[in-house]
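Construct the complete structure from the given sequences, taking the supplied hints into account.
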Amino acid sequence: MSEATSSSGRPQDEAGDWISALGRFAVALGTVIVIAVAVAFLLLPIAALVTYQPLHDLIHGFGTKFATDAILVSLRTNAIAFVLMIVLGTPFAYVVGRRRFRGRSIVVTLVELPLVMPPAVAGLALLVAFGPLGLFGGTLSALGIPNPVFRQGAVVMAILFVASPFYLRGAIAAFEAIDDTLLDVAGTLGAGSLRRLLYVAIPLAGGGLGAASAVAFARGIGEFGATILFAGSFQGTTETLPLAVYGEFDANLDQAIAIGVLLIAVSAAILLASKLLARLWTSSTSTSPSPAGRSIYAPR
Amino acid sequence: MLVGPSGSGKSSLLRTVAGLERPSAGRISFGSELWWDSERGIRLSSERRRVGYLPQDYGLFPHLTVAGNVRFAGRRDRSDLLEQFGIGHLARARPRDLSGGERQRVALARALARDPRVLLLDEPFGALDVITRQQVRDELAGLLTELQLPTLLVTHAFEDADVLADRVGVLDRGRLVQIGTPTELLDCPGSAMVAALTGANVLEGIAVPAGQGSVVRLGGSGELVSATPAQGRVEIAVHPWKLELVDPGSSRLTDTVVSLRHDRGGTLARLTRFTVQVPPGANGHSSLSEGSTVGLRAAPEDVRVLPARDDGSG
Chain A
0 MSEATSSSGR PQDEAGDWIS ALGRFAVALG TVIVIAVAVA FLLLPIAALV TYQPLHDLIH
60 GFGTKFATDA ILVSLRTNAI AFVLMIVLGT PFAYVVGRRR FRGRSIVVTL VELPLVMPPA
120 VAGLALLVAF GPLGLFGGTL SALGIPNPVF RQGAVVMAIL FVASPFYLRG AIAAFEAIDD
180 TLLDVAGTLG AGSLRRLLYV AIPLAGGGLG AASAVAFARG IGEFGATILF AGSFQGTTET
240 LPLAVYGEFD ANLDQAIAIG VLLIAVSAAI LLASKLLARL WTSSTSTSPS PAGRSIYAPR
Chain B
0 MLVGPSGSGK SSLLRTVAGL ERPSAGRISF GSELWWDSER GIRLSSERRR VGYLPQDYGL
60 FPHLTVAGNV RFAGRRDRSD LLEQFGIGHL ARARPRDLSG GERQRVALAR ALARDPRVLL
120 LDEPFGALDV ITRQQVRDEL AGLLTELQLP TLLVTHAFED ADVLADRVGV LDRGRLVQIG
180 TPTELLDCPG SAMVAALTGA NVLEGIAVPA GQGSVVRLGG SGELVSATPA QGRVEIAVHP
240 WKLELVDPGS SRLTDTVVSL RHDRGGTLAR LTRFTVQVPP GANGHSSLSE GSTVGLRAAP
300 EDVRVLPARD DGSG
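Taken in sequence, the protein lines are chains A and B. If you count by numbering that gives the first Met the number 0, then the first sequence holds residues 0 to 299, one letter each, in order. If you count by numbering that gives the first Met the number 0, then the second sequence holds residues 0 to 313, one letter each, in order.
Accuracy of the hints is not assured; some may be wrong.
Listed next, the stretches of chain A that the computed footprint assigns to chain B, with coverage defined by at least 3 CB atoms under 8 Å from CB atoms of chain B [claimed, not checked]:
| no. | stretch |
| --- | --- |
| 1 | 176-185 |
| 2 | 198-206 |
Here are the computed distance ranges between Cβ atoms for each label pair [unchecked claim]:
| no. | chain 1 | residue 1 | chain 2 | residue 2 | range |
| --- | --- | --- | --- | --- | --- |
| 3 | A | 83 | B | 91 | 32 to 40 Å |
| 4 | A | 101 | B | 41 | 24 to 32 Å |
| 5 | B | 20 | A | 264 | 52 to 60 Å |
| 6 | B | 41 | A | 85 | 36 to 44 Å |
| 7 | A | 26 | B | 76 | 58 to 66 Å |
| 8 | A | 114 | B | 5 | 41 to 49 Å |
| 9 | B | 4 | A | 176 | 44 to 52 Å |
| 10 | A | 41 | B | 91 | 42 to 50 Å |
| 11 | A | 86 | B | 20 | 29 to 37 Å |
| 12 | B | 130 | A | 176 | 30 to 38 Å |
| 13 | B | 140 | A | 114 | 40 to 48 Å |
| 14 | A | 128 | B | 5 | 48 to 56 Å |
| 15 | A | 263 | B | 5 | 55 to 63 Å |
Sample of chain B residues at the chain A side, in silico, Cβ under 8 Å [unchecked claim]:
| no. | residue |
| --- | --- |
| 16 | 17 |
| 17 | 19 |
| 18 | 26 |
| 19 | 28 |
| 20 | 46 |
| 21 | 52 |
| 22 | 54 |
| 23 | 60 |
| 24 | 62 |
| 25 | 71 |
| 26 | 72 |
| 27 | 109 |
| 28 | 117 |
| 29 | 247 |
FYI, nobody ran anything at the bench for these hints, they're computed from the structure. Nothing here was measured: the structure is a model prediction, and the numbers come from that model. Backbone N, C-alpha and C fix where the C-beta goes; we use that ideal spot for every residue, glycine too.
Encoded structure:
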């Protein structure tokens with residue numbers, strides 16, 4: 000025993016080396032397995048969708064009237080909802096993000112409420128609020144506004160209701176994060192509130208606004224529950240891509256899958272584009288020195 | 000120029016003049032123009048005051064180029080201003096790639112593109128290291144002389160005021176305690192706080208009238224002769240460069256050296272109660288070492304007797 004420990008200590012050292020090497024190998028293997036399982040779990044269903052039918056059939060499925068109608072309805076309603084969300088939501092988020100007023104935290108909480116609401120409940124809520132027999136249904140008809148239910152307007156409203164909180168939440172945080180002095184300086188340089196918003200606040204919050212709007216758009220394009228309850232599912236008017244997938248599920252599985260793949264492609268393209276835009280944006284507004292740039296203390 | 004320790008309200012005052020903070024009461028006017036009057040309800044917003052405000056870190060817009068930053072103020076191309084400030088070649092650079100001095104010049108050019116009636120500078124050297132600080136300060140001194148624009152600058156460092164200012168106001172806890180030229184503040188500090196801000200040694204003692212002036216017995220031990228007549232508990236102020244090292248055996252005031260710092264201007268000796276600036280080649284300079292006991296002397300007219308501390312409103 001004393002030989003092993005005192006004379007050389009080698010056998011134990013070797014054993015220790017071996018054990019620690021084994022440990023490192025186990026950690027590396029574990030990491031690979033965890034990553035592989037996670038990636039497989041997320042990607043295999045998508046791969047299954049794409050490979051379910053021969054490619055030829057899949058592409059044929061993209062071109063059917065079902066699919067093209069759904070894609071047009073989806074793009075149209077989401078584009079309108081997106082523009083409304085940006086145009087109305089951005090000034091709102093700016094005011095909530097930059098001003099301190101009584102009840103501000105209540106406003107922020109109320110904005111986030113639809114996030115925790117199940118979409119089906121959101122659809123029901125919209126129905127009993129704006130439906131023909133709803134709370135404001137009478138007011139709408141008295142004002143001569145056609146009731147949105149079962150029309151494309153209802154799809155836009157459902158998307159706006161479900162998706163815009165994602166944008167508002169991110170936009171408020173982005174505006175909050177702007178350095179106060181920059182807006183102060185803009186004021187002393189003669190910029191009124193509109194110029195401060197357009198030329199200082201929005202460019203500086205741009206990265207956050209872009210990311211938040213991408214999340215909101217992704218949520219909107221996949222919107223299902225609120226839309227089907229509030230707008231119904233009518234081909235060419237209110238049947239968006241997700242509704243078409245559900246509608247075709249019983250009738251024609253191949254067609255449903257083709258539409259599903261289309262929906263994934265549209266979403267992936269948007270996700271990718273928004274990431275590229277965000278990268279461009281942050282590299283142009285970052286305050287830290289660019290890699291090629293000179294240091295603050297460099298001799299001139 | 001306004002000087003004061005941190006928390007004395009310098010920045011708030013500057014921001015109030017710029018229209019970024021609202022005073023609860025009072026009046027702000029520029030020449031014949033009224034910018035703020037709490038009684039008459041006059042509240043001119045910052046964008047209508049025409050001030051050239053430079054915050055501590057200059058507040059350049061990171062998303063705009065140098066030219067874009069300057070154009071923001073004037074709403075037109077001002078390459079003439081960039082040339083005037085020697086930053087024409089940086090027109091297309093981003094603020095993050097500029098040195099401290101360059102940033103300051105861009106910020107000044109931008110402020111001037113606004114045609115301001117007054118320049119407001121908040122700690123213009125606060126974000127810089129010691130070496131850059133001196134260089135940027137000298138540069139600013141030159142530019143301000145050239146511009147001939149009324150300028151209000153706040154800083155916590157009296158040495159900045161000494162280099163840049165015609166008149167210096169000292170702020171303490173939100174109150175203006177003294178105003179004068181840098182020399183006046185050095186020679187006649189109105190309070191211990193002002194004296195300490197200008198870098199003086201401030202000590203308590205008991206004064207006894209003697210001849211034309213007084214002898215001040217310091218707390219601890221030793222005494223200094225002042226040319227000012229005084230009696231009872233007082234505070235005295237002596238600047239480090241007015242103290243002279245003498246042989247401890249023949250001196251009525253001795254102290255022990257704690258640390259020494261040598262530079263071009265001689266040696267800065269920190270004693271337990273004093274800081275002494277020893278010029279090169281001065282008496283006893285070579286034998287100075289940490290732990291040694293030295294004698295101290297100052298000309299009576301350089302030992303200032305200050306009003307008691309609780310009456311520090313000056």
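Comparing the hints with the structure gives:
1. Against chain B, the stretch 176-185 of chain A contributes 6 residues with a C-beta closer than 8 Å to a partner C-beta. That satisfies the three-residue criterion, and the hint holds.
2. Counting residues of the stretch 198-206 of chain A whose beta carbon lies closer than 8 Å to any beta carbon of chain B gives 5, which reaches the threshold of three, so the coverage claim holds.
3. Between residue 83 (chain A) and residue 91 (chain B) the beta carbon distance is about 37 Å. The supplied range of 32 to 40 Å therefore holds.
4. The hinted range of 24 to 32 Å is satisfied by residue 101 (chain A) and residue 41 (chain B), whose Cβ atoms lie roughly 26 Å apart.
5. Hint check: residue 20 (chain B) to residue 264 (chain A), Cβ distance near 54 Å, so the stated range 52 to 60 Å holds.
6. For the pair residue 41 (chain B) and residue 85 (chain A), the beta carbons lie near 38 Å from each other, so the given range of 36 to 44 Å is met.
7. Checking the proposed 58 to 66 Å range against residue 26 (chain A) and residue 76 (chain B) shows it holds: the Cβ atoms sit about 60 Å from each other.
8. Judged by the Cβ atoms, the range 41 to 49 Å given for residue 114 (chain A) and residue 5 (chain B) holds: they are separated by roughly 43 Å.
9. The supplied range of 44 to 52 Å is broken by residue 4 (chain B) and residue 176 (chain A), whose beta-carbon atoms lie about 31 Å from each other.
10. About 44 Å separates the C-beta atoms of residue 41 (chain A) and residue 91 (chain B), a value consistent with the hinted range of 42 to 50 Å.
11. The hinted range of 29 to 37 Å is satisfied by residue 86 (chain A) and residue 20 (chain B), whose Cβ atoms lie roughly 33 Å apart.
12. A hinted range of 30 to 38 Å for the beta carbons of residue 130 (chain B) and residue 176 (chain A) is consistent with their spacing of about 33 Å.
13. Residue 140 (chain B) and residue 114 (chain A) have their C-beta atoms about 56 Å apart, which leaves the hinted 40 to 48 Å range violated.
14. With their beta carbons about 55 Å apart, residue 128 (chain A) and residue 5 (chain B) fall inside the hinted range of 48 to 56 Å.
15. For residue 263 (chain A) paired with residue 5 (chain B), a C-beta distance near 57 Å keeps the hint of 55 to 63 Å intact.
16. A cut of 8 Å between beta carbons decides the hint on residue 17 (chain B): the least distance to chain A is about 5 Å, and the hint holds.
17. Checking residue 19 (chain B) against chain A: minimum C-beta separation of about 5 Å stays under 8 Å; hint holds.
18. The closest approach between the C-beta of residue 26 (chain B) and any C-beta of chain A is roughly 20 Å, which is over the 8 Å cut-off, so the hint fails.
19. Given hint, residue 28 (chain B) at the interface with chain A, is violated; its Cβ is 17 Å from that chain's nearest Cβ, farther than 8 Å.
20. For residue 46 (chain B), the interface hint holds, since its Cβ comes within 8 Å of a Cβ in chain A; the closest pair sits about 5 Å apart.
21. Interface restraint check: residue 52 (chain B) against chain A, minimum CB-CB distance 4 Å, threshold 8 Å, status holds.
22. Nearest Cβ of chain A to the Cβ of residue 54 (chain B): about 4 Å, under the 8 Å cut. The hint holds.
23. A cut of 8 Å between beta carbons decides the hint on residue 60 (chain B): the least distance to chain A is about 6 Å, and the hint holds.
24. A distance limit of 8 Å between C-beta atoms decides the matter here; for residue 62 (chain B) the minimum to chain A is near 4 Å, and the interface restraint holds.
25. With a least beta-carbon distance of about 6 Å to chain A, the hint placing residue 71 (chain B) at the interface is held under the 8 Å criterion.
26. The restraint placing residue 72 (chain B) at the interface with chain A holds, with a minimum CB-CB distance near 4 Å, inside the 8 Å limit.
27. Taking 8 Å as the C-beta cut-off, the interface hint given for residue 109 (chain B) holds, the closest approach to chain A being about 7 Å.
28. Checking residue 117 (chain B) against chain A by beta carbon gives a least distance of about 11 Å; that is not within 8 Å, so the hint is violated.
29. At about 44 Å, the closest approach between the beta carbon of residue 247 (chain B) and any beta carbon in chain A exceeds 8 Å, and the interface hint on this residue is violated.
When each numbered hint is compared with the structure, violations occur for hints 9, 13, 18, 19, 28 and 29.
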